[in-house]
Amino acid sequence: MPQFTQEQMERYSRHILIPGFGGVGQQRLLDAKVLVLGAGGLGSPALLYLAAAGIGTIGIVDGDCVDLSNLQRQIIHRTADIGRPKALSAQETLTALNPGVRIIVHSERMTGENAAALIAPYDAVVDGTDNFPTRFLANDACFFARRPLFTAAVFRFEGQLTSFLMQGSGPCYRCLFPEPPPPGLIPTCQEAGILGSVTGVLGTLLATEVIKHFAQTGEGLEGTLLLCDLLTATFRRVRFKRNPACPLCGDAPAITRVTGHSPVCGTR
Amino acid sequence: MPTIDVTDQVCPLSFVKAKLAMEDLAIGERLEVRLRAGEALANVTRSFEMEGQRVVGREQESPEVWRVVVERQV
Ligand SMILES: [Zn+2]
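The listed protein sequences derive, respectively, from chains L and B. Here the numbering used here = 1-based position in the first sequence + 40. Here the numbering used here = 1-based position in the second sequence + 1440.
Only true hints are included.
Each computed SDA-like pair below joins lysine to any residue, with the alpha-carbon atoms no more than 25 Å apart:
1) L/K252 <-> B/A1461
2) L/K252 <-> B/E1491
3) L/K252 <-> L/D71
4) L/K281 <-> L/P220
5) L/K252 <-> B/D1464
By construction, these hints were calculated from the structure, which means they are not laboratory data.
Same shape as in the complex, but just chain B:
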């Protein structure tokens, strides 16, 4: 599963960078997104869901960083 690190971006660029990585995948494939806790975590997961993608998992890597797995639906 490919991983994209967007911990270096602020909103909405964190989602822009993750969305660009998602465009590489075929429908049904999954992307792991490494992002910062708080605003980025909330915005990126919600933005993917609003675009019709499915968030299939999330786990905390450290107090500051989360890993979210998103499956491409559209």
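With the rest of the complex left out, here is chain L:
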């Protein structure tokens, strides 16, 4: 049996009490290493719940600093953190929340050059950046590293969420969208108004999928896109399969290594 301290037994008691989760599930969370890309709107709630849940090692990749306009949705930061590196600000909040988890700060942007090295020490990746270049980069890097990728996107009152386990059989993000859209078609970050609590819902769903994955309970979202319209409070599931013509995981892949794309905009 996992040997829990009295502190851990109390802190995680509401997990341990869940039938089918128990101390075994909690120990799996404590053993897990998760890399979160972006300490922004999606990353904030995801990071808070992952740390609270006792994911033992959490890496935060973010090269930006906290801006006043972030605080409407990026709830891991405080007004006093404006101007400070987001990864550092997030680390402080998480350590105060749960000193028992190890938080590793990567105050940089993920690129084609550093992606493989960033991901290698971790068991899974959460993409909370919500921008096309990073989403494709994370997809490609996780595919080659065979790391599960949990990804979400938000727009105004809408969101979508899925998981790629990257264990060889399942689909990848490029099975849905082979290439990033041309820059002219991508809404710039400034155009994309967003209700803060919508990022909260999607970020919390991300954390829930990660926790289920590591606790080995329930059903994940591999091969399923969850579409949320929170203006009408509607959730819809769309199934999708691996695309044999996928340029990454297809039968005759054109992409054989990780390459970078330049981000369209620095706002998260």
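Here the structure of chain L is known, so what remains is to put chain B with the ligand in place on it, guided by the hints.
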């Protein structure tokens, strides 16, 4: 038969501690749980039963303390 003492815990931690000890056992093995009379006795035995385990015996050790034997079923 292993024994776990949860007289030092309050609900629901008494059950959390007993459940963690139960996870060590194989199906069919038994655990003796030492717990306080009253709330802990009622909650821990009921919680084990709701998880699908079988309470196979109980005896009063003192006015305050009971010993309950639970057999792992799931
Ligand atoms: Zn693919």
